[in-house]
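Chain order of the listed sequences is R and V.
With the first letter of the first sequence counted as 1, position 641 gets the number 641 in the numbering used here; the numbers rise by one all the way through.
With the first letter of the second sequence counted as 1, position 166 gets the number 166 in the numbering used here; the numbers rise by one all the way through.
Calculated from the structure, these hints are not laboratory results.
It cannot be assumed that every hint is accurate.
Stated by the list, open to error - A few chain R residues that don't get close to chain V, going by computed Cβ distances all over 12 angstroms:
no. : residue
1   : P502
2   : S737
3   : G923
To be verified - These stretches of chain V come out as covered by chain R in the derived footprint (C-beta under 8 angstroms, 3 or more residues):
no. : region
4   : 57-71
5   : 79-93
6   : 113-126
7   : 188-195
Unchecked claim - The calculated label-pair distances, taken between Cβ atoms and stated as ranges, are:
no. : chain 1 : residue 1 : chain 2 : residue 2 : range
8   : R       : S69       : V       : S46       : 30 to 38 angstroms
9   : V       : A190      : R       : L96       : 40 to 48 angstroms
10  : R       : S69       : V       : L56       : 26 to 34 angstroms
11  : V       : E223      : R       : S69       : 18 to 26 angstroms
12  : V       : T224      : R       : D78       : 57 to 65 angstroms
13  : V       : A190      : R       : F64       : 51 to 59 angstroms
14  : R       : D78       : V       : E343      : 34 to 42 angstroms
15  : R       : G162      : V       : E223      : 16 to 24 angstroms
16  : V       : E223      : R       : P100      : 47 to 55 angstroms
17  : V       : P354      : R       : R517      : 33 to 41 angstroms
18  : R       : S69       : V       : E343      : 28 to 36 angstroms
19  : R       : V71       : V       : S83       : 47 to 55 angstroms
No residue lacks a Cβ here, since even glycine has one placed at the ideal position from N, Cα and C.
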Amino acid sequence: MSSLPPFEAVDDYPDEKRQRREDDADDDGDERMPVGLTLLAGAVAATVVIPVVWIGVVALSVDFDRAASIVLRRGMLDVLLNTVVLIVAVTTLSVLIAVPLAFLTVLTDLPFKRFWIVALSLPLVVPSFVSAFSFVSVWGPQGRLQSVLAPLGVDSLPEIYGMPGTVFVLTLYNYPFVYLTTIAGLRALDKTYVDAARSLETGIRGVFLRIVLPMVKPAVAAGALLTALETAGDFGVPAILRLSVFTRQIYLEYNALAHDYAAMLSLHLVAITLVILLVESQVRSHERIHGSARGNSGPYTIRLGRWRWPALIVPAAIVALAILVPIGFLFSWLLTGPDAYAGSFGFEPGYAINSVYVSALAAVVAACLALPVAYLAARHRSPLSGTLERATYIGFAVPGVVIGLSLVYFATRYLPAAYQTVPLVVFAYVVLYLPLAVGSTRAAILYVNPQFVEAARSLGNTPFQAFRRITLPLVFPGVVAGAALVFLHGMKELPATLLLRPIGFDTLATFIWAAERNAYYGYAAVPALVLVFISGLSILAVVSREYPEALAALRKWRRNRSDATDVGEEPSPGPDGTGDRAVMDGGTTVDASRIGSSAGSADDEADSGEREVVLELEDVRKRYEGRPAVDGISLSVRRGEILTLLGPSGCGKTTTLRLIDGLDRPDGGTIRIDGETLADGETYRPAEERDVGIVFQEFALFPHKTVAENVAFGLDDDDDEERADVVAELLELVGLSAYRDSYPDELSGGQKQRVALARSLAPRPEVLLLDEPLSNLDAGLRARMRNSVQRILEEVDVTAVWVTHNQEEALSVGDRTAVMNAGRIEQLASPRALYMEPDSRMVADFLGRGDYLPGRLEGGAVETPLGAFDADRVSLPETERAVEVLVRPDDVAITPSATGDGRIVGRQFNGETVRYRIELEGGERVSSRQSHDDWYDVGTSVDVSVTATHALPAFPRA
Amino acid sequence: MDRRVVTRRATLATIGGTAIGLTAGCLGGTDDEDVLGDPEYVEGRSDPGGVSMEELPDLSGELTVYSGRSEPRIGELMEYIESEYDEFSLEVRYDDTADLVGAIEAEDETPADVFYGSESQSMTDLKDDGHTVELSGDVLDRVDEGSRDSDGHWVGFTRRYRAVAYNTEAYDADDLPEDIFAYAEDDRFAGDIMWPPDQGSTQAFLTAMIAIHGEDEAREWVETLTNGQDAEISPGGDSGLAQAVTDGEVSVGLTNHYTLADGPGDTYDITFTSDDAGAMYNVTGGTVMADSDDRSTAEAFVEHLVSAEAQEYFATTTWEYPTIDGVDPIEEVPGTDEFEPPEFDLNELADPEPAQEILRDVGVPF
């Protein structure tokens, strides 16, 4: 299934160009850093940071001597050390557990994979006041485990209290952060890379270490960040397991009613948080996690073989420890029942509703607030956007009481009406858990290829419309997953809830707290089980985006909703290339208005010369990071003409295309279409305001829309019927009528290519741009598609600029071809003229093979090792006498002859032709292309002659 | 004013009645026989002395109470008082004591009219920061001198004593020393004694020990208890300790007397030391907030909690010791004539730092 033929890899994936192009997607930020969005994200960040800033203000009010005595007192170094060791140990162990588990449950054929994905995420829903409590009860001295094991001669279990126990429990309940982000990263992994790697690497281990691991590293880092911050800010587990960490000290001061000192100690936690964020930002830099825009590759599965069933032991053991122990513990409470009568105290279902209500509100608000921050951070990377994003993480590591007190302070002063109301509780949750939504949303946005947005804008959508129609639907599952994480944390939240809730407003957590604090454990069992159950449901929302089945069901539902007559034409997607080969040959009738004047379509250069200029570039320039990418390009394209832009990687041809399309803004020069200036020193019309369509190299079909919806995307919404007609007509034109309800990932490469073409043509652009439209197709298909696309372009008589690095493609489809090099046009002429009369060695070399023979102009003839040519058979540079004459293999004829002036030294069979390498008497070498019938052995002596009827290009001798 | 005119007896019955009604309605509480607030205890007792609620001024308007005591303990009483007056509504914010004090200090102007503390330190702290006002002499004089603020800002509703819990199969009460220092020295308790040093009440007890016996003695006591007796640390505060003693995991534990009320089991009982820090007490109590816009009602509410009915409620439901004359502690706990509490000022408990310093020095995790 590999679509990466190794020998063509360099050609097909011009790394330099790709890298630059992806970079400039980010550089857009510098160019047009969206002010509104930045302000919005800034406001969100400020809102959630203000409560943290208050901590600093309060901390300033403490008595310095006492503060110093707290900070410097004996044991504080241990506290710091404990905190750091705890964070490092829990984070490291979480990664070590979560990453292999993610590989196991995503990439292998482990039985019941989906069950395990849910089960392994579940520890996240267990509140620490249940988990740590149950572990002490089960594992602690005289605990249940001890009493079970005692008859077996086990006198004592390893100590649950202290560092080992705390690391153990926190790892068990925080590894799912890493697990969830890693499975998301693995799902998004372009598996063709894994396949390619496997063909090059020996052993699965090498593939993991060198390919998969580096690619999921950003996802792992994002999860590790959350684990580290959660560990830093966790109070419950270290308190119950008696480990002296910063949170414990904070609570100690807090319970001693010294809130200012608690605030001061919280600042240490904020400092630790900043260090963690800094470390993570180092790991995260340079990430590129979005997949290609070509659509999904097939599933990838590693067979476990005889380890398939034994491998279950690992996830089963972890689930048993993390889930069954506390659940079993809760059930034991339940069976014991309420142990004492507690007056008016009793569980009411309303508490569960309260919990769900507040948490759901917080989830929705957090999801909405996260969007601008996440979008800015993902799409407009800059120090500012990174800072805004990370600012939202600070609240996550600060204990809930400190945030709660801070909000008490602000609310009672500036918004008294909000104090002790649900909105304030919701806001507290947002401050505490916003990073969960930001992280998930940001990752989702990163997975959306920016080309989708560019495609949408080229189809006439403003950036906001493109966001609403393309980005938002695509990131929605990620947004929901983030919201679900906020939700389940809200369900567990206690300290801020206690401080801010309306009087009499009980949640599951506050009720469990009240029960536990009075040792009424029997009362706590039911609400704790309800809490775990409801939060468990939300885990389904977190992992559901990892379900292809959910997607398939949604599609089926959508298809059933759509026109019933299409059901019979349900596509049966086959592997690349099948099913669409013959389609293009069938005659199609297309509305004449869309086709335009078909008379001139196949005409020669002379005809296009008469038609008016549509597109005009004058001295257009563009620099990236100080280096010129396009360095003063001027060209004009006439109506109906296909101009090909040809050049090596990084020559600026794609940049030129983006400038024409309006995706990038030129630094100088003028771009006109139909005489109207689209860009010059003053004006700049963005892509959506230009009558230009673009077909991307990777097609950039919207993955959440059907073929018909893709094609209809750029059409105005005025008339449904008319739109349907246009879509039907275009699909017929490209031979894909049967696939109108298919989704892009159900299509072959060639089909996707044609859908992309139809989509770009639908709004009837004045100019169509094609960026390497065939380079993602395999070799055989490419040749066929070249003809198909050329035919379609001619049929609709669109003016087109076609970028390619393949000279054969450029010469065969272009009415005229511009050869570009280093940001400039070397030569712009008809393909034949370029080939036969190159202006420069660069053009000559780029367009085909050839050998340079030294020549000297002597008395009206050019002397070469192949003999003398009349001066008029050589296109001589004006002033030079010492030249080099270009001789192409097809200009050279050979005939075997015992007295020949050359000798065959090499032979390459190419199918239709054979290429011979001939050494001349003087040691110079030339090539000759012969029919496959002419078969000579190496060493054969031959007569060499030049058969070309055109003037041979000659250049000054180097 | 259409307040119901009822006899003292009937009022108590109403409390009992409330209990039964709620019992039937709440989860799992179907057994009326051995529940807290069981009216049987009320009936078996002599009529409470002191001032009845009936004799107190009516409550009207709205009051907000910040309560560090939890709803399971006092919710019933709060509902009862509110239901007694038609023109009166009561909002009780149940929260952690530290949360409430923190909130009051962060609040621009606290909505609380009354602060109801589960110990005296929080009330002293609020007083010291100027958040409270002095109560009238009438209210203060209701309770005994040892249960109220010497500055008159707060008044105790109940006394909670430190106690020695023991497993009845291991010891009789008579076998146990009446001297708290003996528990750190007596070989019988080596490896067989437990305490919860992370509890605020334990630290308050240590603070009292420092106040009463001096810092050196307190430090030595913690050292010998920890290193000499190898005292165990409770896995879960007072309730974890109660469980451990009941199960015989340890024979003796240093805890609070009211743990008995939660009925840990037949093998669990308590006894007191005498005339030393081991028998120190703390009070739950109330104070009126300076920010209250209705201080007189707030004070009247506080007064209701030192009424005969409220004191009887505490004695019979939470098994705490009344702070007024005329109401006896429940018979299950040692009578006040059986031991001698130490004399000290409760305000001295407010600073836990010296006690924590000792724990830190000795290396006791808390």
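Hint-by-hint comparison with the structure:
Not every CB of chain V lies more than 12 angstroms from the CB of R/P502, the least distance being 9 angstroms, so the non-interface label is violated. Every Cβ of chain V is farther than 12 angstroms from the Cβ of R/S737; the closest lies at roughly 64 angstroms, confirming the non-interface assignment. With a closest Cβ-Cβ approach of about 90 angstroms to chain V, R/G923 is found to remain outside the 12 angstroms limit, as its non-interface label requires. Counting residues of the region 57-71 of chain V whose beta-carbon sits less than 8 angstroms from any beta-carbon of chain R gives 3, enough to reach three: the coverage restraint holds.
With 4 residues having a beta carbon nearer than 8 angstroms to a beta carbon of chain R, the region 79-93 of chain V meets the requirement of three or more and the stated coverage holds. Counting residues of the region 113-126 of chain V whose beta carbon lies closer than 8 angstroms to any beta carbon of chain R gives 3, which meets the minimum of three for the stated coverage. Residues of the region 188-195 of chain V with a Cβ under 8 angstroms from some Cβ of chain R number 0, which does not satisfy the need for three, so the listed coverage is violated. Under the hint 30 to 38 angstroms, the C-beta atoms of R/S69 and V/S46, about 54 angstroms apart, miss the expected range.
Checked against the hint of 40 to 48 angstroms, the C-beta distance between V/A190 and R/L96 comes to roughly 43 angstroms, which is consistent with it. Between R/S69 and V/L56 the CB atoms are about 47 angstroms apart, so this pair departs from the stated range of 26 to 34 angstroms. Hint check: V/E223 to R/S69, Cβ distance near 22 angstroms, so the stated range 18 to 26 angstroms holds. Checked against the hint of 57 to 65 angstroms, the pair V/T224 and R/D78 fails, with Cβ atoms roughly 24 angstroms apart.
The supplied range of 51 to 59 angstroms is broken by V/A190 and R/F64, whose beta-carbon atoms lie about 45 angstroms from each other. Between R/D78 and V/E343, the C-beta spacing of about 39 angstroms keeps the proposed range 34 to 42 angstroms intact. Roughly 21 angstroms separates the CB atoms of R/G162 and V/E223, a value that falls within the hinted 16 to 24 angstroms. The hinted range of 47 to 55 angstroms is satisfied by V/E223 and R/P100, whose Cβ atoms lie roughly 48 angstroms apart.
Between V/P354 and R/R517 the Cβ separation comes to about 26 angstroms, which falls outside the hinted range of 33 to 41 angstroms. Checked against the hint of 28 to 36 angstroms, the C-beta distance between R/S69 and V/E343 comes to roughly 31 angstroms, which is consistent with it. Between R/V71 and V/S83 the CB atoms are about 51 angstroms apart, so this pair conforms to the stated range of 47 to 55 angstroms.
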